[in-house]
Structures are given as structure tokens and as C-alpha cells.
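J.: Chains as they are written, first to last, in full-length UniProt numbering: chain A, 1 to 401; chain B, 1 to 284.
I should point out that these hints are in silico values taken from the structure, not numbers from a laboratory. Hints may be right or wrong, so weigh each one.
To be verified - Chain A is faced by these chain B residues, among others (derived, beta-carbon under 7 Å):
hint, residue
1, S117
2, S121
3, V222
4, E234
5, Q270
Said to hold, decoys possible - Computed footprint of chain B on chain A, listed as stretches where at least three residues anywhere in the stretch have a Cβ under 8 Å from a Cβ of chain B:
hint, stretch
6, 58 to 68
7, 256 to 268
Don't be surprised by glycine CBs; every beta carbon is placed ideally from N, CA and C.
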Amino acid sequence: MNKWYPLLFGAASLTAGCAENNTADVETQQERDWEEIVEEAAGKEVGIYMWGGDEGINAYMDEVVAPALEEQYDISFQRYPMDTPEFLSRLMTEKEAGQQDGAADILWINGENFRNAKENELLYGSFASILPNMEEAVNTEAPYIEYDMGIEVDEMEVPWGNVQYAFQFRDEENPPETLEELFYWAEENPGEFTYPNVSNDTGNGFIRHIIHHVAEDPEEVTEFNEAWIEENGDEVWEILRSLQPSLWRNGETYPETLSQQDQLFANGEVSATLGFNEYRAESLIEQGTFPEDTQTVGLSSGSISSTHYLSMAFNTQEPEAALVAINYMLSPEAQIAKLDPSMWGEGHILDLNKLTEEEVEEIESLVGEEVVPQEEALPELDARYISWIQENWEQEVVQQR
Amino acid sequence: MFSSARSFLLLAPLLLFMILFVGQGLYRAFSESLHAGDNFLENYEQLFTQGTFWSSLQISVYVAFVSTLLSLIIGLWITRTLFRLFRTDQWKLAAWFPMLIPHFVAAYIIVLFFSPSGWFSAVLESLPLAGTFPVLVNDPLYLGVIITYIWKEVPFVVLMLLPVYQEIDWRMEEVGRSLGAKGFTLFRTVEWPWAGPVTAEVFLILFVFILGAFEVPALLGVTYPAMVPVLAFEWFYQGGWSNRPLAQAMMIVLTFFSVLLSFCLLYAVQRSRRKWMKGGKSNA
Numbered sequence: 001m002n003k004w005y006p007l008l009f010g011a012a013s014l015t016a017g018c019a020e021n022n023t024a025d026v027e028t029q030q031e032r033d034w035e036e037i038v039e040e041a042a043g044k045e046v047g048i049y050m051w052g053g054d055e056g057i058n059a060y061m062d063e064v065v066a067p068a069l070e071e072q073y074d075i076s077f078q079r080y081p082m083d084t085p086e087f088l089s090r091l092m093t094e095k096e097a098g099q100q101d102g103a104a105d106i107l108w109i110n111g112e113n114f115r116n117a118k119e120n121e122l123l124y125g126s127f128a129s130i131l132p133n134m135e136e137a138v139n140t141e142a143p144y145i146e147y148d149m150g151i152e153v154d155e156m157e158v159p160w161g162n163v164q165y166a167f168q169f170r171d172e173e174n175p176p177e178t179l180e181e182l183f184y185w186a187e188e189n190p191g192e193f194t195y196p197n198v199s200n201d202t203g204n205g206f207i208r209h210i211i212h213h214v215a216e217d218p219e220e221v222t223e224f225n226e227a228w229i230e231e232n233g234d235e236v237w238e239i240l241r242s243l244q245p246s247l248w249r250n251g252e253t254y255p256e257t258l259s260q261q262d263q264l265f266a267n268g269e270v271s272a273t274l275g276f277n278e279y280r281a282e283s284l285i286e287q288g289t290f291p292e293d294t295q296t297v298g299l300s301s302g303s304i305s306s307t308h309y310l311s312m313a314f315n316t317q318e319p320e321a322a323l324v325a326i327n328y329m330l331s332p333e334a335q336i337a338k339l340d341p342s343m344w345g346e347g348h349i350l351d352l353n354k355l356t357e358e359e360v361e362e363i364e365s366l367v368g369e370e371v372v373p374q375e376e377a378l379p380e381l382d383a384r385y386i387s388w389i390q391e392n393w394e395q396e397v398v399q400q401r
Numbered sequence: 001m002f003s004s005a006r007s008f009l010l011l012a013p014l015l016l017f018m019i020l021f022v023g024q025g026l027y028r029a030f031s032e033s034l035h036a037g038d039n040f041l042e043n044y045e046q047l048f049t050q051g052t053f054w055s056s057l058q059i060s061v062y063v064a065f066v067s068t069l070l071s072l073i074i075g076l077w078i079t080r081t082l083f084r085l086f087r088t089d090q091w092k093l094a095a096w097f098p099m100l101i102p103h104f105v106a107a108y109i110i111v112l113f114f115s116p117s118g119w120f121s122a123v124l125e126s127l128p129l130a131g132t133f134p135v136l137v138n139d140p141l142y143l144g145v146i147i148t149y150i151w152k153e154v155p156f157v158v159l160m161l162l163p164v165y166q167e168i169d170w171r172m173e174e175v176g177r178s179l180g181a182k183g184f185t186l187f188r189t190v191e192w193p194w195a196g197p198v199t200a201e202v203f204l205i206l207f208v209f210i211l212g213a214f215e216v217p218a219l220l221g222v223t224y225p226a227m228v229p230v231l232a233f234e235w236f237y238q239g240g241w242s243n244r245p246l247a248q249a250m251m252i253v254l255t256f257f258s259v260l261l262s263f264c265l266l267y268a269v270q271r272s273r274r275k276w277m278k279g280g281k282s283n284a
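Throw the hints in and build the complete structure from the sequences for me.
T.: Okay, here's the thing in C-alpha cells:
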């Protein structure tokens, strides 16, 4: 009979998984003093689910955030690299199974994925006002505090960083600076340009630029506008269809991910790559992945500015430690370190008026010349456009060869 | 009676495992694939009217069939010519080495060697006969995928066939020869009765595996038409999960046909085996 013990134990631990959880909910946290939360957080372990495909970002998390949390708050910080749809799907399964002890506490999320998580009740709750740094450091006047791609934030996530969409070219004296010029450049250099599959946010973002290009005024499309889509949708696809033959592999296929396109760019198969975060090429050049002559261009015809957020999972085991960790990531110290192009190098979400003079100086020395001036930034589109692009692109563009 | 109860008991852990994991997974996929409204098969109807699904199925069957067939032919040929050599462990290890490499690593190796910026292309360009290297990675004919599978599956075919070849009574060959058989007839009458059933089983294993495997076509395939598992993954995660039931329906259809195919093939093998055994007896 001895053989059966492991199996019985297995079954027992399965049922134990469904047991009541005794972690504090968000209402309880709101009534507590911040000091009390910090005290409770000490000695705990906290985990974040985040996309792990960028060396610079990973280095920032492992070499700046994790040691600081350990040192300042005695929290050990664990990074679980996973694509966003995958961890959401995992949380969904955990919710269906009634599992209260999730692996990770913090989520890196935005837009469509946030809507999905919010609608399926995969989030901890409205926690933003608990964090002291929201008051003391973050620019709470910015529009992205209230809305994330047209979705009401409801304090369920807090902004973590701000990035601009930009293009990288190699060995190019006069890189294109508007979308018109880019189309022309692509025709002149057949096979040298492409964009990732639109199931990928970078590829999807490229199409969102075309939508902005077709719309005369950004106002027309900031909110999801079905009438506009009806009328102008085909023009968007027409532009992409006429661009297709001059793309890499004559548009017969597209890179499945941004990493794949970066790889094509690095080994010279294409001469352009693209993506959110105007400073992302710097660390890649430094590592020798991208060539020295890589040039980053923001479009003067307008470049989408996108915000990404931190949120908490409904089944967090250590909500206190998660709150403290998120609060730290919003601090001027962490935000300034994040600007450093040798690691992550992306835009902050701080309010300069709330900072000390030294901090402001430090930011200015790190940011340097803006690739995309603020006035050329375009608002991010409503998340429903993303779905519209994903549902139609393959049929309207790829299959129309 | 005792022996059947005993064998059932011995099988119980495996059965339990199958029911717990495979059965439960299939049940969930099936229940998610059903439509909540009046027409509970709506998702299936939608699936079968989608051009994307059919082109995806077409390319998947093509890739799985070509890869499996070529792997079997090459594997059978290697086993036949080299089985005497394979009595020593070093040679066996050398032949089975690719099996130790995970499929996605194999796919990356193919990229490294065969992509337009890869090793072969560089070698070809450095030669005086400046020809351009054909596109073999992310190509619409899925040649890169097929090459990867052949490289990975040939050792598996050898692994499965080798014991068979080492068991064959080679005196039969001499008998055959003395009766005037040669070439293909010799192969058919001496080797095939042993190798055939195993080949059919290996065909089934490989075909179904390639039909359902994700990572190689994800790395080396094209955007359209994508192979079924890649399409399922896309439908599973895209667009606020609204296409999930469709992805589940597709996987159920695929599972159903895999099971059907296994049943037919194994039945045919059983029958031919029995016939052959009986034939042997009546002649004796």
C-alpha cells in the first residue's frame, strides 16, 4: 500500500490549495498607516510577473530594484519573466480553481491586458492612494493617471514609465522623419523594412501610427470611433497593402516578435527596426548587439507616447510587501536610475515640481536631448483599436498578396 | 481472470494519470469550445467556415506528412545500411545525439546555418560562383521547419527500428536469395514483415507529434498560413480572449482526428500481423 502515499498527499495538497486565505484586502490596507504596512512588509518575499525579453530592463530590475528593496525594506524581490497574456491566463486559471496563493504579487501591465484583467477581476483593487509616492513624487495631473488607453484606471494600477515610439536605422545618412518619407524609403530600399506581427504590441503600434496618419486630427480617434473605422478602415489597410511588396521577404512573412526583428536588424538582414522606448537602442549598441551607426528617429509627423503601469494580482500573498515595492519603484531614486540609458533608459512619470533641485538636475543630465519633442507626441489610441487591428490585419493585409 | 485483474492493477497508475491530466484537460477544452446559446456547436460551424483554419490545416498536414515520410525513409535507410555497426555503443550514441537537443534549440541551429545571414549563405557568397542562397527559414514552403524535423526525428526512427533489425533472422535472406529473390523483393519478404508494423507505429507517433507541436513552426514558420498550433496559440491569447472557444474547438477537432487515425492505423497493423502469423502457421 505504501506506493499510494505520494498520491494521497498530492490530493491532500490540492484541497489545501483551496483553503481560506488570510491576507488583508485592499480596504483594510487603506485604513492602515503607511508605517504599519512597511513594518509588516519586512522580511517578506515579493514577486513580479513581467515580460523578460529585454536585457536592459532585466538588469535594472536585478541590479537596482532588487538590492534596494533588500537593503531599505528587508524585502526579497523575485522576477518571474513571462509574457503578459500568459501570466494573465495563468491568473485566470488560478481564479477559476479558487487558488489564493498566487506565485507573483505585482504585475507589469497596460492597455488591452489591463482591461482584460480588470474585467475578469484579476486585480487586487484600488490601491494607488495608499502609496505615499503618488502624492510626493508622481505627476498626478497627467491624463494617463485616469485613463489607460481609454480604460478607466480606477486606482487599480499606477504609472511606472512613459515611452515614445521610435525607429532605428543603420548606416543611413538621411533617415526618414515622417511616415510619408518612411513609405518612400521602404520603396527605395526593398527588403530593408518590416514590422512585427500585430499580435505583438510593437507591430500593433506601427499600425496605430498609420491610423493616426489617416486621421486628420488625433482627436478623431483617441476614443474608439466605430463610424470612423467604417469609413476609413480600408484606407489604413490599403496603405499597408501597398507597402507590403517592398518589405522584408516581399511581405511574405513578418517577424513573429520584436526580438526576431531586432535579430534581423543586428545581423544586417533588414536596415530598420522599431519599438516603444526611444532610448532602447543605446544599451544594445553598448553591448555590441546593434551596430555603432544605429540611429534613432522619432517621427516629426507624430509619434505615439505610451504609458505602462504596475498593478497587483488578486491572489497576492504579500500585499504589504507588494505595496512597499511598488511605492519604491515610483520613488525619484528608482525612477532616475531607470532613465540611465546604459540599463533601461526610459521616460519617468515624475512631477518635476515635486522634486529637489539636485534630482531635477540629475534627470536633465540623463535625459539629454529629446528624440521626440513633447509637442510631437501623439496620444495612445483606445485599446479597442488594438483588437480591431489584431482581428483584421491578417485577412486584410497578409492574405491579400 | 487473475491475470487480467492483476494487469489492470498494474495499469492503474497510468490510467489515473491519463484521466487526471489528459482527460481533464480534454474535458475542459471541450466544454470551453461549446457555445452557451441555442446552437451549442456554433464555434465549430464558425471554425469550419474560416479560410484561415483550412489553410492552416492544409499547411500543417503537408509539413507533418513530408517531414514524417522523409524521416522514415532516411531513418530506415540508415538503419538498414548501418545496423551491424550499431552493435557498438559509440556509434549508437553518435546516431542518437540529435535526440538530446530540444526542438527549439534545433530550430535556432537551423537559423544559424540556413538563414540568409547564416553560415551557409556566408560560405556560398565567399565562393567565386556567386549564387544567392535560397530562403530556407521563415519560408512559405516551410522548408526550414521540415529540415529541423527531419534532423530531429531520423535518430528516433533509428532508435525504434534498430532492435527490429537486430532481431531479424538473416538466414531468411539467404533462403530468399537461393529462391531467386533480389532487391526490393528481398526487402519486402525478409525485412518488411518485421520492420513494417514498427514503421507504421513510428509514422503515427511522428505525424501526430508534428501536427501538434508549437515551437519549431513558431520560430521558423510564416505569418500566413501559420501551422495549427501557432494559430491556436494566437487565438488563445489575442483580442481579449474572445477567440478562445474557437482555439479550443480547433484543438478538439485535431485531437479527434489524431485518435481516429491512430485507431485505423493500429487496427490495420494488427490485422496484417495476425494474417502474417496465421500464414506462417498454415505453411508449417
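J.: Are three or more residues of the stretch 256 to 268 of chain A within 8 Å, CB to CB, of chain B?
T.: Result for this restraint: holds, n = 4.
J.: Would you settle whether the hint for S121 (chain B) is holds or violated, based on the nearest Cβ-Cβ distance to chain A being less than 7 Å?
T.: Given a least distance of 10 Å, the restraint on S121 (chain B) is violated.
J.: With 7 Å as the cut and Cβ atoms as the points, is V222 (chain B) at the interface with chain A?
T.: For V222 (chain B), the interface hint holds, since the closest Cβ of chain A sits about 4 Å away, which is under 7 Å.
J.: Hint check: is the beta carbon of S117 (chain B) less than 7 Å from a beta carbon of chain A?
T.: holds, 4 Å
J.: Can you tell me if the stretch 58 to 68 of chain A counts as covered by chain B, using C-beta to C-beta distances under 8 Å and a minimum of three residues?
T.: Check failed, 0 qualifying residues.
J.: Have a go at the Q270 (chain B) hint: is there a Cβ in chain A nearer than 7 Å to its own Cβ?
T.: violated, 32 Å
J.: Would you check whether E234 (chain B) satisfies its interface hint, that is, whether its CB is within less than 7 Å of any CB in chain A?
T.: holds, 6 Å
Hints 2, 5, 6 from the list above are not met by this structure, while the remaining hints are.
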